[in-house]
Structure formats: structure tokens, C-alpha cells
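Asker: Please build the complete structure, drawing on both the sequences and the hints.
Protein chains in written order, with UniProt numbering: chain A, 1 to 365; chain B, 1 to 365; chain C, 1 to 365; chain D, 1 to 365.
Honestly, the hints are just simulated from the structure, not real lab data. Positions of the beta carbon are idealized from the N, C-alpha and C atoms, including for glycine. Keep in mind that the hints are not guaranteed to be accurate.
Far from chain C by the CB rule (all over 10 Å, computed), these chain B residues [to be verified]:
(1) Gly40
(2) Leu68
(3) Ala72
(4) His139
(5) Pro161
(6) Asp277
(7) Pro278
(8) Trp304
(9) Asp313
(10) Pro318
A partial selection of chain D residues facing chain C, derived with a Cβ cut-off under 8 Å [claimed, not checked]:
(11) Arg100
(12) Arg103
(13) Glu131
(14) His223
(15) Ile226
(16) Asp230
(17) Met232
(18) Ser238
(19) Ile241
(20) Trp295
(21) Thr342
4 protein chains.
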Amino acid sequence: MSNVIPKPSVPAPDILRCAYMEIVVTDLAKSRAFYVDLLGLHVSYEDDKQIYLRSFEEFIHHNLVLTLGPIAAVAAFSYRVRSNADVDAAEAYYKELGCRTERRTEGFVRGIGDSVRVEDPLGFPYEFFFETEHVERLHMRYDLYSAGELVRLDHFNQVTPDVPRGRKYLEDLGFRVTEDIQDDQGVTYAAWMHRKGTVHDTALTGGDGPRMHHVAFSTHEKHNIIQICDKMGALRMSDRIERGPGRHGVSNAFYLYILDPDDHRIEIYTQDYYTGDPDNPVITWDVHDNQRRDWWGNPVVPSWYTEASLVLDLDGKPQDVIQRTHSSEMEVTVGADGFSYTRAPGDALTGDPGEEVGFKMGHQL
Amino acid sequence: MSNVIPKPSVPAPDILRCAYMEIVVTDLAKSRAFYVDLLGLHVSYEDDKQIYLRSFEEFIHHNLVLTLGPIAAVAAFSYRVRSNADVDAAEAYYKELGCRTERRTEGFVRGIGDSVRVEDPLGFPYEFFFETEHVERLHMRYDLYSAGELVRLDHFNQVTPDVPRGRKYLEDLGFRVTEDIQDDQGVTYAAWMHRKGTVHDTALTGGDGPRMHHVAFSTHEKHNIIQICDKMGALRMSDRIERGPGRHGVSNAFYLYILDPDDHRIEIYTQDYYTGDPDNPVITWDVHDNQRRDWWGNPVVPSWYTEASLVLDLDGKPQDVIQRTHSSEMEVTVGADGFSYTRAPGDALTGDPGEEVGFKMGHQL
Amino acid sequence: MSNVIPKPSVPAPDILRCAYMEIVVTDLAKSRAFYVDLLGLHVSYEDDKQIYLRSFEEFIHHNLVLTLGPIAAVAAFSYRVRSNADVDAAEAYYKELGCRTERRTEGFVRGIGDSVRVEDPLGFPYEFFFETEHVERLHMRYDLYSAGELVRLDHFNQVTPDVPRGRKYLEDLGFRVTEDIQDDQGVTYAAWMHRKGTVHDTALTGGDGPRMHHVAFSTHEKHNIIQICDKMGALRMSDRIERGPGRHGVSNAFYLYILDPDDHRIEIYTQDYYTGDPDNPVITWDVHDNQRRDWWGNPVVPSWYTEASLVLDLDGKPQDVIQRTHSSEMEVTVGADGFSYTRAPGDALTGDPGEEVGFKMGHQL
Amino acid sequence: MSNVIPKPSVPAPDILRCAYMEIVVTDLAKSRAFYVDLLGLHVSYEDDKQIYLRSFEEFIHHNLVLTLGPIAAVAAFSYRVRSNADVDAAEAYYKELGCRTERRTEGFVRGIGDSVRVEDPLGFPYEFFFETEHVERLHMRYDLYSAGELVRLDHFNQVTPDVPRGRKYLEDLGFRVTEDIQDDQGVTYAAWMHRKGTVHDTALTGGDGPRMHHVAFSTHEKHNIIQICDKMGALRMSDRIERGPGRHGVSNAFYLYILDPDDHRIEIYTQDYYTGDPDNPVITWDVHDNQRRDWWGNPVVPSWYTEASLVLDLDGKPQDVIQRTHSSEMEVTVGADGFSYTRAPGDALTGDPGEEVGFKMGHQL
Ligand SMILES: [Ca+2]
Ligand SMILES: [Fe+2]
Ligand SMILES: [Fe+2]
Ligand SMILES: [Fe+2]
Ligand SMILES: [Fe+2]
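Answerer: Below is the structure:
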């Protein structure tokens, strides 16, 4: 890999967690119907250009900013760091990487103070900040608790052509890998990495990028996610349920993927596991294991592999999308050329419940 | 319809509920692993030929009999009636229908007394009994309560070529329809009908028959069903999860379909609604409504439409399967010739979340 | 028992289920805040004198009528019968009993047609009707589904001095007992009886009566009940949580008791069991079994035993309350004179987890 | 406060999390029945002197060690640190504090390597280690998942007479306070503090100490905790349910307290909130707020305030218990001399649901 991203000589900022995403939407009213009326996120501020939303247990100003604009895209993946000094550290770090950076002591959006935004080596608009306006933490406001309540921002997911290249860069930045998907040819298809002690704060999905694959919010329990499905059915929006609900193999979380009015993908997620120890065991999944993406073997729909949101540079222009040249997870696992197994040969725990390496023909395209 | 089944002049028996199914399995050890070790049904009796199983809240002897035999099939759909006099009534009723009947005062299986089995007009082996051995109702034995506990037998589902013909016969027998699926050409694709005040004790699914589509057990909550999926994943049996979990349109229940070692289909089911009033509103679903079978619009896999279990006559021989000549639900809804919508034109409750009559292309075959 | 209530010679009406309660409240706005804003019941009709409410899965006009009046009381315990002929039957039945009856073909309240109200032999205002306006069954309106959604009316509970006397009368009326509480002196403290195939449509609690002990609504799952507690905490109404949540011994249901602004007691209830078979096993609990009222041995607060709502005669005057002369369940189980055990002598399933017949001293008054 | 614990000049160890507790039990078979058969903890190792147990999602060797001994007590509160260098740091830190320390490179128990145990300034036996044997993380072994599965060790709770003194010491050691209980006289009754980003890794409860108040395990969902209650009811062990289930005010978690055969108190706990940001808002509860300990206002039983387990010194002798001289939370809130309110004057969110400052008389002793 000739284009390896070097590790800067200056220290990486101390990142606490993924904090918020700023997304550009093309119809604020439709987006409000989706995020506020359907999903029940709580409005911290809104005007005719932007809506600031937070989850039930959040005390920083917001976890999501909807900004009206001409092209649906992502304006920022924003991480909270431990202090203002870490904002300085982030700025120096990316400058040494030769990335374009922009520092604004008053913040790029409301409710956030001194921040730096960068065009990172993978082409993503990353932001780092510490200062934020504290808002009412609603965690005991059960009078506001909806049946499908979103209680925390959990993670981002980014599409990038070369996963090992991106992983090395993020590990240098202080992220720790918890799980990944590989094949026996040495191809990495995806990797999950964290700062806050859960399975991830962000993940890299192999594909044409830079693009934003999804942003994920947590619920308390599984039934909360089921309620979101049920409500989308009641609103005759079931065609906006893209995938799930299901149990992930990777992360062990219960999940759902839905699409907002601009096709930004939102994941609803609950019950992954603690990863905060430095020797937390890394789990590598075989790309041909049919339970890696869905523990119940339910198929991943093709759109989930192929569709994603554009990301913006610091001028607000969409970044060019670069094609993945490594193997495609979809191609190696789905359809006539693909191959997946439920049980590796000789692996069956129970008395031969089907074929030796059974998988779900009917479910595959 | 020239072959209409006449209503007998004698009164129909007073049926309480679906009570148990006797199924023939080809490997008792494998079936035991499935029903006892995986699903946690409770053994009321077992020997090297049969296993008698009951659900957590049952007090009659069993809800399922596994009988070792050469061909996987269903030996009896058994209903409990209000009294022994109703067994007499059932016998007289089917005799007048010209059906073959067999009465055994000592019962056909253990734990059941005076019974009649019949080859019904649709070709199904129906049984009616009142006498049964009471066993310990385990409903407060939480020391035995597994994470995916099955608490009640809920219903049967039968495949028959001519649904209106079967429906008329079952309505004469005292069943009341709660929901059905039709098209605007007057074709009925399926009908649900009950005795016990839930959505159904049995349902008719249009297709080649007589065959047994599935038998369904209830759980208390939705997470119990998710646990069954998770456990099947852990046992590397995810290829035996055929469809779901999901929310039914019809019945409003949360569901899962799994396959036993002989491909007998088992549904796990929870939270339908009370239907015991005589004017309970019947719900008719349009066959093209993409939320009728799954409220979240997730696709029905083809095997669910095409595969089903043979049923036996009173000699233990498989009944001939007669082809459905009416339209196939699968053909009119799935694939190139099919058509389904999420929203009827002009029906959207929310601001145009997708196409006018959106449905999930990626999910269809 | 010299005052036994004779069984009429005419047939009893065919009762389907408890259908609604009409309660008199003294401040309609406060009651609306409780039943609509807090509990999320759905308004079928309201004006400045009455509010008609229904649960999520109901299709008859209402399950609860709040009528503004000077004295908090219960105006009617209303049962739905199978047909108008059964309203006639009810009228004849109570006339033969010598009870005062009033028939109104236009109904006593909105949404209900031909009805009879009676002052029953125990002093309760009972109503019987079949005709009702069908309203939208909201069972799939998950866009309206709150986190603590009440989905069905489950049962009434009535306080009466002489439980066996009342039980005999209700059994004659067609109710079937599922569970009761007795002591070894032959005293019955309470009895549960049903029509619709659950543990009860009504129950008799021994005490000064006639009074209304509570009316109960069902939720789908246990977390829905917990949410109601959490919401009452958030609204700083925890002093209106009277008892629970807990698991009943009797009925095996998960429960909560809360008090409305007039101290009418509401139970929230989920997951009892099927009782529709004629030989459904009756469970008799020992009054000294400390798990009979709460399976976890948590104490019953004294107010739960002593407080209840007045009931009205057909003129709208409160019925006189007659003292119970049999033993009081509270007195025989709570406090210095009471006695309860967790394990009967020699009954421990586990190795002596405490005293031989352990109970919770700290929890008792 | 003349006996303030000074902050050492050497750096504090970098503590990751509470990792395990070693408790002395007097009957290993009874304890095994409790922790393995009832609670379903997984055995990592056992012999006739000790049982090593872990929770479902754990990968270090154990979360609980049961050691057979003559007196029920706690032998160690063990924290995992980031590295072996942090074990050195811990040793140096406590040596500077003048505490007795003992270093064992081979560990004090199986599965743990280089460790230091100390008699800390509050009299508790604290342990610090990094090295541990990795065992199978069972987090996807849903074939082993019980209905009341314990998935993580969550926290310790320690009784100490002078909470501010202990809090200052633990803050110096690197713990961060998330919540506390105070009165307007400046008395602190309890404090919660964390390392791992949840509400706590340990808490200080004001009372006679040093004693161990409880050790807490997490479940995934609330129903898992309810199942533990239900199972204890089925096993006729309800008198070993000491308090709950309920919703905490402090921490917002759903909780249950049960007692093991030696009266060691175990909490089952789920769904507190993320606290990992350095400016995480601290919540101070008024000791008179009747929802602080139970959000639903259910009473705290006296035993919960008064009973706790002895702790051992490094010779295995019970530490002397020193009386609390500050106000007792029980005395200021329960009984004739106590005072609690549900609503502060003028605080009611809803229309006067009861008394101005309502609380539950009937529930108080
Ligand atoms: Ca709401
Ligand atoms: Fe994700
Ligand atoms: Fe079914
Ligand atoms: Fe009740
Ligand atoms: Fe705790």
C-alpha cells in the first residue's frame, strides 16, 4: 500500500466519543416529520434553516443538526474531545497530515464552541470540539418518553474504498478496533472501532467513498426498535425500512436501518457490549459467514451495500467518490458468484439441521 | 362452485379451541433436540416411539405429539370440544357429511380419552375430544421458564386449494372469520377463523392441499421470540429460520417461522387481539397491500408460499395433494408478474416518503 | 347462610365480557389529565359533562365513561351480552330476583343502545347491553401507541361483605371461578370469576360493601406498566402509585395499582392465562401464603385493603355500605395479630434460604 | 474534618473498572445454588474451596469469587487497571498513604496475575490488577442465555461512616462523582462515582463501616430482572427479595436487591446512562425527596439501611465497624421523626394530585 497515511509526530487529540452529525437535507419540513414526529428526537433549537436535535439522555446541545441545503449530504462527523487543548491538538495533528483545516472559536453550529473542522485523509469532514452548551438531560423525563425513544447517539459508519488504509489512520488517531470482517485472501471488508467503550464510535465499510453509510441511535430495549417499525407501518412508510430489524453478528447489537426523506440512512441500535479494556478481544468474522451481518441469516439487501450519502468538503461541495478496487462484500457473498455458509464444514452444533454448510437460498437474490 | 360442502342438519360440536397436533417425524432424537432442547417445550411423556409435549401454561396432557414414522406428515389436527356429547356430535356431523370417521373411546394417543378422528371434506385428519388427563400447569414455575418460553398453543394453519369452499365448511362447523386476504377480482387467498376469542384457531392458506402450513405457539412478549432467533444463531441453525421475525399485518401479531428437522413449519407468535364478540369487525386485506403479510413490508420468502407438510388419512397414508387453480398469492405479488404497493394512490399519511405507491424493490425476487 | 340469593328459574343472559365502567368524578379536567394525558386512553367523545374513553384494541364505543358529578362513585359496571335477546333475559332474570331494574332502549350513555341497568342483590349497579356504536379499532395505529399504552379493559373488582354469597350469585349468572383465597377455617376472602376466558371479568374482594375496589386495563408487555410508574415519577405523582408493580400470585399477572384524582383505583395488568375450558383447574390460595397477593412477597399496603369507591343506586344515590363480619384478610395477615409464611413447613425447594417459614418482617406494618 | 485523607504525591493508578469481588461464604453448596442455579452466573472454575463466576459478556476470568470460610465477609473489592505499571502505581500510592499493602505477582486468586491488595484508608480491602486469563466471552452464546441472565458486573457499594471523607479519597484516586444525596444542612448521605463511563463503579453509603453494602450485576432489559423475582417466587424464596424491583431516582436504573444465603446483598441493575464526559452534570438529590431512592416512591425497607457485610483485613480478620455519627438517612426520612416529600411546595406538574407535598403514609413504618 503505497498511499499509507503516516502517523503524525504530534500527539493525537483525546477523543471522548462521537457527538453529533451535521447533515444537509433538502426539505426541512419533511425531515422534521421524520426525525421529530416519527423518531421523537428532541428539539434543542430550530429556525427555518436548521433543526438541532438531541436524544433522551444527552446533555450536550445536540446529536444531530439538520441543515437545509441544495444537495443531501453530510457536512460534519463531529467528535467531542476531552478539553480545548485537544482541539488544538486535533488542529496540529491534521495540519501535520497536510489536511485542510478550519478553526472557529465560536463554533460552526449553535451550541458548540471552539472547534476545528478538517478534510481528513479519507476525504471526510471531521470536527473536534469540547465546548458545548449544556441542555436539560431528559433521562428521567418519562413524561416525554415515546414508545420508540432514542436515548443516545451510538456511532457513525463511513464508506471508504480501502479499509486497512482507513483503519491504520483511525488507530493512529486513537481509535481501537473491536471487530472486523475479512476473507482468507487478506481482504478486509469492514472494521469497527471505538473510543467510548462500546463496540464503536465509528466504523469503516468497504465501498466507493468517502460517503456516509449511516448514523446510529440507541434505544433502551429491543421492543423500542420494534415499535419504530410498527409506527412506520402505521404511517405506511414501510418502504423506508431498508433492512431489519435483526441481530447483528458483528457487535451483537439488535438493529434496524431506515431511510430519511433524503435517503440518509439511520440505524437504530441496542445492546452491544463493553469494550473499554485495552486487551478487549478483537473478533474477526469471515466474510462468507452468513451470520456476520445478521445473526439470524436474514439477507442484506443490495441497496444497503451500494447506497450511501455524499460528504461535503469545507467549502460545502460534495467530495468526489472514489471507487473501491478491492473485492466487494456484496459480490463475494450474494448471488450467483457469491458464497456464504451458515455452518463451516464439520462445525454443526446440532444434528445436521440442513445442508452441511446450509444457507438460505430463498433469501438470496 | 359446484362442489360446495353442504351444511349438515345435525348440530355442529361446540369446539373450544385447537388443542394439539400429532406430527410424524422421521428421527425422534433430532426432533427432541428441536422441540425440547431448542424450543423448551415440556415433556409430558416420552418413549422410543413418541414424545408428548406441552407449553408452559397448559393443563391438558399435551399440545404436540411427535410420532416416529417413515414419512414426515401430520396425523391429526386435534380440537378440544366442550363435552363428551360434543364428541358424539362431531361424529354424527361428519358422518352426515359422508366423511370417514373413527371413534376410539380410549383415545388415539396417550392422555386423551374418548375421541373421534375424521377425514374431513378438505382432506385433513381432524380430531375432536373432551376427555384428557390434567397435568401440572407450569404457569408459575418460573424456575423452568426459559428465555424463549412457549406458553400456549395458539393455532393451526392449513393449505387448501379453494379457500372459500373451506371457509364455508369451517363457518358451518362454528368457526368465525376474523380476517382474510382478497383481491378485487373476488379471489380469496387466505382466511383466519377462531373459536377461542383470538384471531384464529386455524387458518386456510390458498395453495396445493390438503397440507399443513404451520402450527403456532405463543410467547408472552416479543423479546422471547427474538431469543429463539438468537439461540438458533448461536446453534448455527439460522438456515432453519425461514421467515421473520416480523409483525403480521393480518392478526397484528409479532411472528417468526422456523423449520423443524422434517421441515414441519413452526410459528412463534405473540400479541394478537380479542375477537370474542359476535360482531367482531372482520378485516379484509388487499392481496396487493405489501403490509398484509408483514407490516414492515419485509418480503415473504417463496418457500413460505410453496412448502408445506403432507397430511395423513386415517390409515396413515399421505393424502393426495390437489393443485390450486385460483390465482397464487405469490405470483400476483412477487417478482416480475407481481404487484404490491405500500401506499394506495392518494393514501400517504406523511409527506411523500417515496414513490406514490412505494414498495421495496430490493427485497423482491 | 340464611340470606342466600336464589337462582332464578329463567335462563341467565349470555355475558360476553366486562365492557365498560361508568364512574362519577368531581373534576373533569383533573380526570382528563389522569386518564388521557397520563394513561393515554383514547377519547371517543367528550363534552363538558362526560368523557368517553377506550383502549387501543377496542372496537365498541368505550371502556370507561367519566361523568361529572358531586360525589365520586361508580354509576355502572357494564357487561356486554351476546344479543339483544340477552338484554331481555337479563331484565327478566333480575326481575325474578326482585331487583330494581331500568330498561332504556336508547341506552344510558352515548354509544350504547338497548340496555338494562339493575341494582343487583349485592347492591351493585350492573348493566347489560349488546348494541353499541363501532368505533375505529386502533390496534394497528402504532402512530398513536404510547410507551405505557393500555390495550384492553380486563376486569372489574368489587368489594362485598360475604364473598361466598356473592360468588354463588355470580356463578348462577354464568361466571366461572378460576381462583380464590381461603383459610383452613372455611372463610373465603376473595374469588375471581370470568366469562371471556381470562382469569376474570370480575372479582369479589371481602370487605365492607358494596364498593368498587378497582377497574383494570391491560398492557401488551411488562415494560409498558413500568413506564406508567416512571411517568408518574416524572410528573411527581408517585404518591398516587398505591401498590406495585408486582407479580400477582392469584392470576399470575404482572400488576400495578394507581389512584385517580377521586381515589378511584385503577389496576394496570398484563399476562394472565387462558381459562376457557370448562374443567379449567381452580386454584385455591391459603390466606396465610405470603405470595398469594404478591408473588415476590412484597407487602400489601393497608389502604389497598380498606379503601374503595362508593357505588350508586339507579337514582344516583350512594348505596349504603354494609360491614364485613367475616375475618378480615388484612387482620389475619398483617401486623401483630397477623400471620403469613413464605414456605409452608417442610416446603422449601431450596436449601433453607432463611427461616423455616420465612416472611418479610421489615415489610410488614 | 481533621482526619482528612491526604492526596499522595505519586500519581494514582489508571483504574479501568470494578472487576470482581471476592466474598467469603459459609456453605459453598448453598451459595452455588444461589449464584449458579438461581442467578445463572457461569462457572469459570470451581473446587471444594472456591467457585469462580463470570457474567455473560465478560472475558476476564471472573467477576465473583466465592471462597469458603468461617465468617461471611468480603475479602476483596478488585479493580482492573490499565497495565502492570498501574499495579506498581497503586502499590506506591497506598504505601504513601501509609496503608498496609501486599503484592503478589502470581495473584491472590486463580485467573488473576500480578496484583496488589491494600487495606485502604476507609478500611476496605481493595485490589488492583491488570493481568488476567481470558476466558470465552459468552456474549453470543444465546444457547446459554437464561431468562434472567446477568450480563455484566456493574458496581460495588460500600458503607462508610463519613461519606465526604471517603469521597475525597476516591476522587483523588481518580473516581468521578456522578450523583449524591445531601440535605440542606450540608450532610452528605451517599455518593456515586465511576471510572468506566456509567453512573458508578462504586458508591459510598453513609453508615457504620467499613462494610460492603452490595455488589451489582447488570441485565440487558427490565424483564430479565422481573424474571429473577418470578423465579425466586417459584422457588419460595421471596423472603430473600429484600427491596424492589423499582426504578432508582439516583442513577435512573431499574433495580432489585436480593440476599444470598449469607445475607450478602446482590443488586440486579439495568439501564443507567453514559457519564464519560469530564463535564458530565452531577446530580444532587435532596435526602427528603421521596423519589431519590425509588422513583415510584416505594419505601426503602429498614434492613436495607442497617444491614451490610463485614469486610476483611489482609490477614482475613473482620475489620472493626465504626459507627456513623452524622445523621442517618433512615432516621431523617422514615418513621415518626422522618420527613419526606413527593412534591416540593409549588412543584406539582399536574393539578394537585394529592397533598401539597404528598408522600405515602401507608408505606412508611
Ligand atoms: Ca407520545
Ligand atoms: Fe451501525
Ligand atoms: Fe400463523
Ligand atoms: Fe384486579
Ligand atoms: Fe447499587
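Asker: Look at each hint and say if it fits the structure.
Answerer: Against the structure, the hints:
1. Gly40: Non-interface label stands for Gly40 (chain B): nearest chain C Cβ at 17 Å, farther than 10 Å.
2. Leu68: 30 Å, holds
3. Ala72: It holds; Ala72 (chain B) is separated from chain C by about 29 Å at its closest Cβ, greater than 10 Å.
4. His139: The claim breaks: His139 (chain B) does not keep its Cβ more than 10 Å from every Cβ of chain C (closest is about 5 Å).
5. Pro161: Nearest chain C Cβ is 30 Å from Pro161 (chain B), so the label holds.
6. Asp277: 6 Å, violated
7. Pro278: Non-interface label on Pro278 (chain B) violated, nearest chain C Cβ at 6 Å vs cutoff 10 Å.
8. Trp304: 22 Å, holds
9. Asp313: 29 Å, holds
10. Pro318: Its Cβ never comes within 10 Å of chain C, the nearest being 32 Å, so this holds.
11. Arg100: Cβ of Arg100 (chain D) sits 36 Å from chain C, so the hint is violated.
12. Arg103: 39 Å, violated
13. Glu131: Nearest chain C Cβ about 36 Å off; hint violated.
14. His223: 6 Å, holds
15. Ile226: 6 Å, holds
16. Asp230: 6 Å, holds
17. Met232: Holds - the Cβ of Met232 (chain D) comes within 8 Å of chain C, reaching about 7 Å at its closest.
18. Ser238: Holds - the Cβ of Ser238 (chain D) comes within 8 Å of chain C, reaching about 3 Å at its closest.
19. Ile241: 5 Å, holds
20. Trp295: 4 Å, holds
21. Thr342: 4 Å, holds
Hints 4, 6, 7, 11, 12, 13 from the earlier list are contradicted by this structure; the remaining hints agree with it.
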